[in-house]
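Q: Chain by chain, the residues run as shown.
Number of protein chains: 4
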Amino acid sequence: MAIKTYDEYYDRLKKMNRNLYMGGQKVDRTDERLAGQLRVIKETYDRANDPEWEDLCTATSQLTGEKINRFTNIHQNTDDLLKKQLMTRLICHRVGGCIMRCMGIDVMNALSVITYEMDQALGTDTNKNFINYLKYWHENDICANCAQTDTKGDRLKRPHQQVDPDLYVRIVESRPDGIVVRGAKIDNTTAPVSDEIIAIPTRFMTGKDNDYAVAFAVPADWEGVKMLVRPAYHHKRKYLHAPIAEIGDAESYTVFDDVFVPRERVFLDGKGDPRQTPFAGFLALLFAHYHRHSYTGCKPATSEVLASAAALVSEYNGIQKEDHVRDKLSHIIGVAELVFAAGQMSAYRAERSPSGTYIPDEILTNAGRRLAGEEIYNEYKIVADLAGGLCATLPFEEEFFSEETRELANKYLMRNPEVTAEQQHRCFRGIENLVASELAGVMQVAGLHGGGSPQMETITMMSRYDLEPLKGIARYLFGLQEKLPRYDRPTVTPRKMLERFYKI
Amino acid sequence: MAIKTYDEYYDRLKKMNRNLYMGGQKVDRTDERLAGQLRVIKETYDRANDPEWEDLCTATSQLTGEKINRFTNIHQNTDDLLKKQLMTRLICHRVGGCIMRCMGIDVMNALSVITYEMDQALGTDTNKNFINYLKYWHENDICANCAQTDTKGDRLKRPHQQVDPDLYVRIVESRPDGIVVRGAKIDNTTAPVSDEIIAIPTRFMTGKDNDYAVAFAVPADWEGVKMLVRPAYHHKRKYLHAPIAEIGDAESYTVFDDVFVPRERVFLDGKGDPRQTPFAGFLALLFAHYHRHSYTGCKPATSEVLASAAALVSEYNGIQKEDHVRDKLSHIIGVAELVFAAGQMSAYRAERSPSGTYIPDEILTNAGRRLAGEEIYNEYKIVADLAGGLCATLPFEEEFFSEETRELANKYLMRNPEVTAEQQHRCFRGIENLVASELAGVMQVAGLHGGGSPQMETITMMSRYDLEPLKGIARYLFGLQEKLPRYDRPTVTPRKMLERFYKI
Amino acid sequence: MAIKTYDEYYDRLKKMNRNLYMGGQKVDRTDERLAGQLRVIKETYDRANDPEWEDLCTATSQLTGEKINRFTNIHQNTDDLLKKQLMTRLICHRVGGCIMRCMGIDVMNALSVITYEMDQALGTDTNKNFINYLKYWHENDICANCAQTDTKGDRLKRPHQQVDPDLYVRIVESRPDGIVVRGAKIDNTTAPVSDEIIAIPTRFMTGKDNDYAVAFAVPADWEGVKMLVRPAYHHKRKYLHAPIAEIGDAESYTVFDDVFVPRERVFLDGKGDPRQTPFAGFLALLFAHYHRHSYTGCKPATSEVLASAAALVSEYNGIQKEDHVRDKLSHIIGVAELVFAAGQMSAYRAERSPSGTYIPDEILTNAGRRLAGEEIYNEYKIVADLAGGLCATLPFEEEFFSEETRELANKYLMRNPEVTAEQQHRCFRGIENLVASELAGVMQVAGLHGGGSPQMETITMMSRYDLEPLKGIARYLFGLQEKLPRYDRPTVTPRKMLERFYKI
Amino acid sequence: MAIKTYDEYYDRLKKMNRNLYMGGQKVDRTDERLAGQLRVIKETYDRANDPEWEDLCTATSQLTGEKINRFTNIHQNTDDLLKKQLMTRLICHRVGGCIMRCMGIDVMNALSVITYEMDQALGTDTNKNFINYLKYWHENDICANCAQTDTKGDRLKRPHQQVDPDLYVRIVESRPDGIVVRGAKIDNTTAPVSDEIIAIPTRFMTGKDNDYAVAFAVPADWEGVKMLVRPAYHHKRKYLHAPIAEIGDAESYTVFDDVFVPRERVFLDGKGDPRQTPFAGFLALLFAHYHRHSYTGCKPATSEVLASAAALVSEYNGIQKEDHVRDKLSHIIGVAELVFAAGQMSAYRAERSPSGTYIPDEILTNAGRRLAGEEIYNEYKIVADLAGGLCATLPFEEEFFSEETRELANKYLMRNPEVTAEQQHRCFRGIENLVASELAGVMQVAGLHGGGSPQMETITMMSRYDLEPLKGIARYLFGLQEKLPRYDRPTVTPRKMLERFYKI
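Residue numbers (my numbering), protein chains in the order written: chain Z, 1 to 504; chain V, 1 to 504; chain X, 1 to 504; chain S, 1 to 504.
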């Protein structure tokens with residue numbers, strides 16, 4: 001079957017070459033510090049194999065007609081976008097936040113559009129390679145990381161202006177059979193447990209930066225690929241096992257140490273064919289766009305996880321009926337609702353690109369993602385506010401179980417006689433994991449930066465928004481123009497951008 | 001034809017009895033201080049008669065099958081809701097803000113549901129009267145005010161507890177042929193130029209408040225109805241005529257001075273039939289709900305009008321490319337997009353009530369309306385910020401035209417050589433009207449309170465939101481419950497509320 | 001006596017030449033549309049003559065040793081700054097907001113410093129003229145406007161680059177006996193009822209803009225000075241007279257139509273002596289600084305006026321004990337407290353300039369003024385929120401007094417039996433004036449822009465803040481530098497700026 | 001000498017009885033998991049012994065006349081308050097945030113006032129005990145924890161209503177020679193390394209809660225005292241040692257397991273003398289007040305530490321000149337300035353209590369502390385925003401030093417050629433510690449809750465603020481009262497509260 005089980009996936013990982021570096025050592029993908037990250041990814045395989053979730057977590061391959069994991073699906077219509085978003089939301093609830101597998105499918109959707117557009121514009125033959133590669137995905141239920149963020153060196157200089165030319169990933173050599181790449185990508189969530197790494201540009205590239213216009217896919221343990229791994233996970237529980245405590249994150253600082261990529265896995269090669277260079281930017285933006293649309297699914301879930309914890313601890317604290325508690329919960333819920341609605345309506349207003357892939361509305365997606373990013377720290381504040389200081393000062397688990405202290409520790413934890421000491425303990429321990437742990441810090445930063453910070457969304461949004469027709473409203477009202485056409489808020493879609501660029 | 005022209009409507013007004021009081025005098029509906037309000041309503045007749053707007057501004061009567069003005073339509077499906085919202089948005093652009101005719105159709109939709117539900121629950125026969133009344137609307141393209149807000153006296157006391165029993169509108173007498181009502185309603189926008197006044201309760205009523213459970217419709221010049229009118233409009237322009245300067249508002253403080261209402265125009269009579277009393281609250285809430293959904297149309301338009309003016313004056317001031325200008329415009333635009341998306345998704349998630357009328361999602365509608373209300377003052381701030389102080393200090397129009405000063409006045413107004421002095425003048429005069437006028441003050445208050453303040457939306461939202469399933473997420477994650485069902489954010493819909501109440 | 005009465009001041013106005021243009025006509029300073037503005041200024045004369053306010057509203061002339069109106073005082077010590085701020089706050093309460101006379105004394109303080117510094121740096125002899133002029137102030141209790149804001153033309157171009165060279169006020173001719181100036185200044189509050197107009201630059205000037213480096217004082221009715229006046233005031237009350245209804249504003253768009261200024265009234269002349277040009281910027285900034293410090297007095301008062309109205313209407317509405325009301329009041333009060341404290345501490349940290357004049361701390365003053373500006377619209381929102389819609393829909397005064405409607409109008413206005421209908425009426429009428437009137441719009445814009453918008457305060461604040469010592473904290477903590485000196489947040493004071501510039 | 005060195009203090013700790021429980025074991029105060037907490041406290045001893053800091057970090061004993069550590073000083077005048085606040089700010093810079101020793105001296109100041117007032121009101125003899133105890137402090141440079149927060153059980157019930165009567169600390173027995181107490185206190189920062197624990201009530205107590213009106217001091221290792229310790233610290237650095245990495249926190253969940261307290265260490269005993277019960281609340285509030293005033297010192301420092309890191313990483317990232325960076329830094333700085341100014345002005349407006357101890361202004365202190373609490377999460381957001389995702393994904397330290405990866409790891413870290421790879425590394429490692437670590441989570445919660453959450457400050461502020469005189473402003477302006485007295489914003493000081501309560 002095209003859909004794989006977690007065990008099948010894990011077996012693949014076990015067989016991979018050792019190219020992970022952690023704490024000064026070379027380690028296998030079975031290293032226990034990766035267990036938390038694996039636990040998250042497991043959810044994506046389990047649910048696709050779960051009959052109760054089949055409607056949401058599976059799709060039909062456009063290539064093979066087979067049932068596939070939705071995390072490998074290219075959106076063929078509005079319904080695919082809606083289901084992707086809903087799946088993301090619901091599955092995130094189960095892991096207490098980010099599901100960490102979306103960037104793979106987000107970049108695949110972007111590649112499906114851009115390789116096609118590029119072929120149309122330049123007469124290249126890249127989409128064929130992409131389709132073959134997609135087939136491999138569909139047949140193997142591939143888990144991938146999208147490696148986009150270059151280390152960027154001096155941010156006021158373009159790639160070719162850097163003192164060290166390698167500070168953006170670049171093509172050292174372009175040959176008929178493939179390319180040799182050098183450089184590093186950072187912030188690569190899930191990369192340490194991915195089958196594949198797909199690297200794409202991080203920004204627009206112009207003439208002198210042809211070498212940096214590069215996109216490709218390699219197996220995660222490919223020769224020359226070296227991952228410096230940064231895991232984050234919770235204190236291991238001894239007594240009170242719980243899903244929240246099992247999840248974790250693994251980030252990679254991925255070095256491409258003169259890596260050869262065969263031609264059929266190259267999707268953009270500005271060095272070999274400088275005409276391709278402008279597509280670097282389109283690809284960068286389109287991946288970001290799909291990824292931001294994914295955030296309209298995961299971020300409402302994150303908000304709901306936080307609201308859920310806030311509501312639960314308010315109940316345990318006995319304050320759930322107070323006005324300020326209702327107001328605060330309502331604030332988080334309102335944000336979640338608005339962000340999710342933004343993503344849904346982006347799907348309803350999606351445009352079918354010439355490649356057949358659907359692209360959600362950009363202005364609305366960015367407006368939604370931005371709101372989510374702006375509010376994330378505030379939502380953590382609300383949970384901490386309603387929980388009280390104990391979520392940051394709770395004694396270690398052992399104190400509630402060791403003979404000498406357990407009775408006293410549990411006695412004084414009691415708040416509401418309907419709630420047992422263990423329930424109290426579980427609740428505060430859970431909130432500690434959620435808001436006052438190393439992983440919480442990582443999740444805050446991810447909630448802000450993932451898919452781009454609010455700053456980036458504002459820039460993208462305004463680059464897509466045409467202010468001239470908007471100004472027409474004031475011009476009409478102020479008597480500066482005679483008539484006011486029906487205002488149809490225009491979007492400068494990717495297609496329109498390409499058309500403007502290529503005059504096609 | 002069922003759709004009337006503005007002239008036909010205006011002819012009706014001209015024939016009405018004199019029951020408007022303004023500035024110490026009894027005046028006709030042709031009083032020039034009402035011209036601004038009429039100019040706004042005119043738009044709703046003109047567009048319904050405009051072939052270019054026909055698709056949006058007309059609908060098909062469910063009763064007669066005839067083409068009707070959408071401002072008299074009962075929403076028969078999701079598409080009706082979407083079109084109502086979009087019509088509201090686009091038509092508001094043309095009057096620089098509130099279109100002021102929505103409350104009539106919002107209360108009619110609420111009555112269509114509640115009279116039907118009440119008949120089902122109690123075996124009454126009210127919906128038939130409503131249907132007849134609706135037919136009258138469809139045939140005559142009726143413009144109506146919904147008079148909901150009681151003066152309320154001491155707000156900590158229920159209606160029957162007030163020192164003066166008339167501080168909420170009440171039924172003084174209930175007879176077989178009708179009822180006699182006494183009291184006053186306030187904040188009745190458009191009432192001075194409406195054909196009809198539809199009065200409904202402002203809150204839930206309980207046993208002792210049967211007399212106050214009352215809903216009815218009367219012609220606006222009906223015997224005993226007295227309107228104390230408060231108009232708001234701009235300084236009359238002598239030279240630079242512009243749509244913004246022509247609009248205005250007329251509010252009424254409407255007194256029901258022992259008014260007899262014939263039975264066929266009575267939709268709720270708690271005095272005659274105390275079993276009807278609980279429906280007072282359902283009706284109050286459902287009207288508020290439809291009205292808030294209308295706000296998801298008008299409020300994005302108001303935001304866009306403000307953003308439009310802000311963008312235009314930024315262009316004239318030559319600062320349109322500055323980062324902070326982009327950020328501020330983007331903020332207003334983002335709010336408009338999110339609020340509109342909230343209303344659209346509320347329509348997509350609408351529930352068909354047993355009466356056949358569609359009811360948008362309540363949680364999302366409230367989340368959207370609340371964001372709009374929270375941001376309205378901030379949006380005015382942004383326009384004033386980008387315009388600069390001149391929008392509040394611009395000399396009178398005459399100084400730019402009188403012989404002695406016109407040359408100097410216009411010379412120094414120049415900013416950008418591509419923009420003429422008159423264009424500058426028009427722009428700043430328009431912004432003065434928009435943000436630093438009496439009408440601006442009224443519009444700010446309306447943008448905050450219309451349909452209920454953010455406070456009310458939070459309360460409604462949380463009364464519809466079931467926190468228990470939400471808490472399930474944290475319970476699962478923290479190991480307090482074994483399984484996590486797929487989270488389908490539940491709404492306590494009006495139907496469910498009725499079912500709970502009547503055990504039906 | 002050096003302190004004049006309002007009548008003495010008003011007599012001066014009556015004698016002035018007619019150079020005000022309003023509504024197409026040339027008018028006297030006794031025009032009734034200026035009555036509101038005069039009512040505000042009256043307060044500044046009355047209080048200085050009121051024994052109960054003498055301690056606060058008078059000072060001692062540094063020149064004559066006589067008792068003078070504090071609105072003509074040059075700050076000789078910290079106590080002067082504290083009293084100026086407190087006087088501003090308390091006197092603003094009495095006029096419901098801006099006292100409108102501070103800009104005159106703010107610019108005088110700035111001139112006292114800059115003329116002195118310039119003389120020191122360049123060997124010029126300007127301070128002597130200033131001192132003579134100040135003596136005239138002290139002897140006559142002068143009311144003045146500071147005309148700073150140029151119309152600015154294309155804001156991306158410097159003064160000399162404008163298509164029309166007159167878009168910033170400039171010196172057309174510099175002669176031994178004086179200068180001839182041409183141009184216009186806008187947003188000149190109080191100018192129509194001022195004795196004097198003091199014009200200063202609006203920005204830094206560089207080499208090619210010597211002609212624009214100009215500061216001078218002229219009587220407000222001086223030959224060639226033409227004021228296009230824009231008044232704002234409330235609907236005249238017929239029955240319920242109240243201070244709030246009597247106040248008003250008068251703005252001027254002041255044209256200098258080739259005005260000759262005698263040398264002894266010239267304080268900066270970059271055309272005659274280009275070495276003076278850099279002082280244009282120092283003067284512009286220092287006036288802004290004193291004016292912002294004044295805002296730390298008036299703005300808390302404005303907030304308190306709004307909070308006061310909000311508290312009163314909450315009492316009348318019977319909601320004063322609700323949590324959300326307390327939270328909202330507390331928010332306004334908190335802002336007022338913080339802004340006032342910022343101004344007070346700026347006084348405590350003031351620096352004595354070589355001229356003897358005290359200069360408050362710039363960073364803190366800007367932080368305080370910025371908070372005030374950021375919150376002003378929000379404060380209006382809170383008042384409107386707690387008042388309810390009636391503040392924007394209240395029928396005209398006459399309806400509450402005319403025979404036909406007064407009984408009904410007053411009956412239904414009742415809320416709380418302890419409050420009479422007239423009290424209710426007064427309260428809502430007052431709030432209408434405060435938040436939903438033309439003047440309210442002007443006050444909102446003034447609250448945002450007066451002294452410079454939040455944007456400007458951020459820029460100023462950061463130009464005074466030296467980030468290098470601040471970064472030292474992180475450098476020490478992160479192990480990037482060995483030692484951490486005691487952090488004394490440094491300010492780049494005006495003196496330091498001058499020293500850097502002149503290497504003095 | 002009265003001032004002790006860190007070593008002398010540490011020697012005391014080493015001799016203490018084992019009553020700390022951590023991770024299931026009984027441990028000594030030398031446990032390495034407490035090293036971070038000790039490192040923070042060390043700063044308070046080192047600076048008092050440092051001649052460069054002597055002016056700030058030492059004071060003069062009111063009892064012995066000797067030089068003492070300012071962390072043991074009772075504020076005798078405004079200057080003491082100003083110095084305490086400034087010391088707190090400057091010393092916090094050195095430990096990257098909370099100095100963790102202020103609660104001890106804050107509670108001592110509160111006790112100095114309340115024991116005196118109680119003696120005055122009731123004729124008790126408690127202040128004498130306090131003075132003796134204070135002498136012990138002065139002679140030994142005591143480090144103490146204030147244990148205030150009870151676990152509180154069901155928060156809607158009062159202490160005596162709880163199912164388990166021990167959920168608030170209570171007096172089990174009151175005897176002539178002392179009292180026996182039972183219960184637990186939580187969130188006790190620094191307690192594991194303190195000499196003394198001072199327990200005080202957490203709320204107002206009324207008649208039936210006499211047993212809970214209790215305050216006392218015991219040595220931290222006293223019989224029956226058991227601390228369940230929760231430490232938080234950073235990953236131990238192997239290579240890049242830095243102050244930020246050495247700091248930590250240790251919280252205690254402190255159980256009083258039938259502890260006997262000798263009479264001379266009892267400061268409140270409602271069981272023995274029920275007349276003392278009302279003082280429970282006054283003491284609770286006054287400690288909170290002093291502690292909030294301390295926050296006006298530490299919180300600006302925390303903000304400055306965050307701003308410093310944000311400014312440094314912006315420089316390293318090469319974006320320091322961008323407008324949005326300036327705006328964000330300016331926001332943090334502005335908050336720091338305003339909060340510090342609030343604390344300073346609270347000192348200037350301090351009231352001398354009858355005991356001689358100075359009490360800062362409560363309204364302003366609360367306004368300042370609240371702003372700090374409201375903004376803390378936002379400030380973390382800004383640092384993360386400007387740092388970029390790398391602060392949460394940085395590989396472990398070893399990867400930058402191990403032979404196999406160090407070259408690649410450091411090569412790609414380079415941003416700005418003026419900054420070495422190690423400097424980059426140090427900067428991002430430091431920011432990781434600051435914003436994406438377990439300790440960061442604890443500091444966020446502490447920044448929100450320490451001294452009371454913003455909710456509590458609003459409540460306190462409004463309980464001290466008399467709205468009646470404020471309403472007078474609107475009453476005057478609206479014509480509801482004839483005259484407006486000079487508005488002197490009144491504070492209901494602790495003294496006034498006591499007077500009202502005791503009619504003294």
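Honestly, I wouldn't trust all of these hints.
You can't tell identical chains apart in this list, so a pair holds if it fits in one copy or across any two.
[As the list claims (entries may be wrong)] Below, in silico cross-link-like pairs of lysine to aspartate or glutamate (EDC-like), each with a Cα-Cα straight-line distance of 16 Å or less:
#1 321 with 466
#2 496 with 7
#3 26 with 398
#4 42 with 32
To be clear, the hints were calculated from the coordinates, so they are not data collected in a lab.
Given the structure is predicted, the values throughout are model-derived calculations rather than measurements.
Q: Each hint needs a verdict: does it hold in this structure or not?
A: Here is how each hint holds up against the structure:
1. 321 with 466: Classified as between: cross-chain Cα gap 13 Å, same-chain 46 Å, threshold 16 Å.
2. 496 with 7: neither (44 Å within a copy, 44 Å between copies)
3. 26 with 398: For residue 26 and residue 398, only the inter-copy Cα distance (11 Å) is at most 16 Å; the intra-copy one is 33 Å.
4. 42 with 32: Close inside one copy (15 Å), not across copies (37 Å); limit 16 Å.
Violated hints amount to a single one, hint 2; each of the other numbered hints is respected by the structure.
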